[in-house]
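Q: Order-wise, the sequence lines are chains X and G.
Mapping of the first sequence onto numbering that gives the first Met the number 0: position 78 corresponds to residue 77, and the numbering continues sequentially without gaps.
Mapping of the second sequence onto numbering that gives the first Met the number 0: position 41 corresponds to residue 40, and the numbering continues sequentially without gaps.
None of these hints come from the bench; they were simulated from the model.
All figures in this text were calculated on a predicted structure; none of them were measured in a lab.
C-beta: ideal position from N, C-alpha, C; glycine also.
Warning: the hint list may mix true and false statements.
Rough simulated footprint, nothing fancy, chain X against chain G, three-plus residues with beta-carbon under 8 Å [what the hints assert, rightly or not]:
(1) 56-66
(2) 72-86
Pairwise CB distance ranges, derived in the manner of DEER restraints [as the list claims (entries may be wrong)]:
(3) X:T53 to G:I14: 33 to 39 Å
(4) G:Q87 to X:T53: 49 to 55 Å
(5) X:I88 to G:L85: 33 to 39 Å
(6) X:L45 to G:I30: 41 to 47 Å
(7) X:I8 to G:R54: 38 to 44 Å
(8) G:T86 to X:F169: 26 to 32 Å
(9) X:T31 to G:A26: 50 to 56 Å
Residue-level listing of the chains:
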Amino acid sequence: MESITPQIILYIFGIPISSTIISTWVTMLLITAFVLVISKFSPDALDMIGEFLTSMISGIMPEKNIDIYLPLLGTLAIFIAVSNSIGIIPILTAPTSDINTPIALSIVIFFSVHLFGIQKFGLIGYIKELATPIFLFPFEIIGQISRTVSLSLRLFGNILSGELISAIIFGLIPLVAPLPFIGLSLFIGILQAYVFTALSSVYIDAAVAANNNLV
Amino acid sequence: MSEMNPELLITITTILVSGIGIVLGTAIPAIVEGRAVLKALDGITRQPEAANDIRTTLLISMALLESTAIYVLLVILILLFANPLLTQFFN
Chain X
0 MESITPQIIL YIFGIPISST IISTWVTMLL ITAFVLVISK FSPDALDMIG EFLTSMISGI
60 MPEKNIDIYL PLLGTLAIFI AVSNSIGIIP ILTAPTSDIN TPIALSIVIF FSVHLFGIQK
120 FGLIGYIKEL ATPIFLFPFE IIGQISRTVS LSLRLFGNIL SGELISAIIF GLIPLVAPLP
180 FIGLSLFIGI LQAYVFTALS SVYIDAAVAA NNNLV
Chain G
0 MSEMNPELLI TITTILVSGI GIVLGTAIPA IVEGRAVLKA LDGITRQPEA ANDIRTTLLI
60 SMALLESTAI YVLLVILILL FANPLLTQFF N
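Construct the complete structure from the given sequences, taking the supplied hints into account.
A: Here it is as structure tokens:
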């Protein structure tokens with residue numbers, strides 16, 4: 000069985016390109032091609048997707064104007080959903096089963112949460128907001144870092160475990176037996192895309208709400 | 000048994016600990032998630048109009064509960080496929 004780190008397949012100008020980077024490019028190509036084709040033939044379908052994402056995110060952060068958060072969160076949801084599901088194409092591995100992709104995504108979320116908070120309250124006001132009971136400020140910082148780590152490890156572990164279980168069952172019985180596990184990992188991939196987006200929305204919601212650092 | 004190869008000892012210990020750890024680390028979050036689902040279903044049957052809010056909160060909190068099982072899985076995957084002790088002492 001191969002190792003849990005992706006293998007490097009080629010070098011471009013001395014930069015190692017692993018198999019998951021190739022499948023990230025395939026994911027980006029697929030999403031772009033889908034959007035271009037659909038917007039030419041039936042723009043209503045794009046409207047429907049946008050409507051779905053808007054209702055999903057506004058269900059998580061109610062009583063907020065979500066127009067400035069929707070581009071980031073909707074892009075995250077679409078990208079993670081497609082890149083979790085792309086592992087069922089036999090020669091590709093899911094980009095999120097490499098630890099680097101989820102860590103990059105959750106670092107983006109980490110910085111954008113604080114940027115949205117600073118945009119709302121100003122720099123001094125946001126720090127004051129974080130340190131409202133002053134003796135809890137160190138724990139607040141630990142919480143901010145650990146939830147970023149757990150956000151990325153959750154996505155990585157779920158997708159990697161799905162791929163590993165499919166591979167193990169494939170090694171035991173190659174024919175029909177892996178199918179239910181592949182279906183389960185597809186379902187878990189869509190669910191994890193929802194969970195990642197929902198948790199990011201909750202973090203942004205807690206950062207822009209006054210005195211409400213819940214999670 | 001008295002003269003055991005230390006590499007073999009580390010391997011056997013790793014396999015035993017992985018088996019015990021994955022059972023405990025998945026069984027306990029599964030039980031706790033079951034209780035969370037039970038309470039959520041209780042709430043939905045009492046107030047069906049609040050079903051959407053309860054479902055969102057349930058999914059988010061189940062993801063938070065699930066992450067402990069994922070940590071156990073990752074630790075065990077590292078122990079099995081990229082054991083730091085074996086590479087540190089024997090290579």
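Q: Each hint needs a verdict: does it hold in this structure or not?
A: Now the hints, each set against the structure:
no.: 1; hint: 56-66; in the structure: holds (count 6)
no.: 2; hint: 72-86; in the structure: holds (count 6)
no.: 3; hint: X:T53 to G:I14: 33 to 39 Å; in the structure: violated (49 Å)
no.: 4; hint: G:Q87 to X:T53: 49 to 55 Å; in the structure: holds (51 Å)
no.: 5; hint: X:I88 to G:L85: 33 to 39 Å; in the structure: holds (34 Å)
no.: 6; hint: X:L45 to G:I30: 41 to 47 Å; in the structure: holds (43 Å)
no.: 7; hint: X:I8 to G:R54: 38 to 44 Å; in the structure: holds (42 Å)
no.: 8; hint: G:T86 to X:F169: 26 to 32 Å; in the structure: holds (28 Å)
no.: 9; hint: X:T31 to G:A26: 50 to 56 Å; in the structure: violated (44 Å)
Hint compliance for this structure: hints 3 and 9 are not met, and every other hint is.
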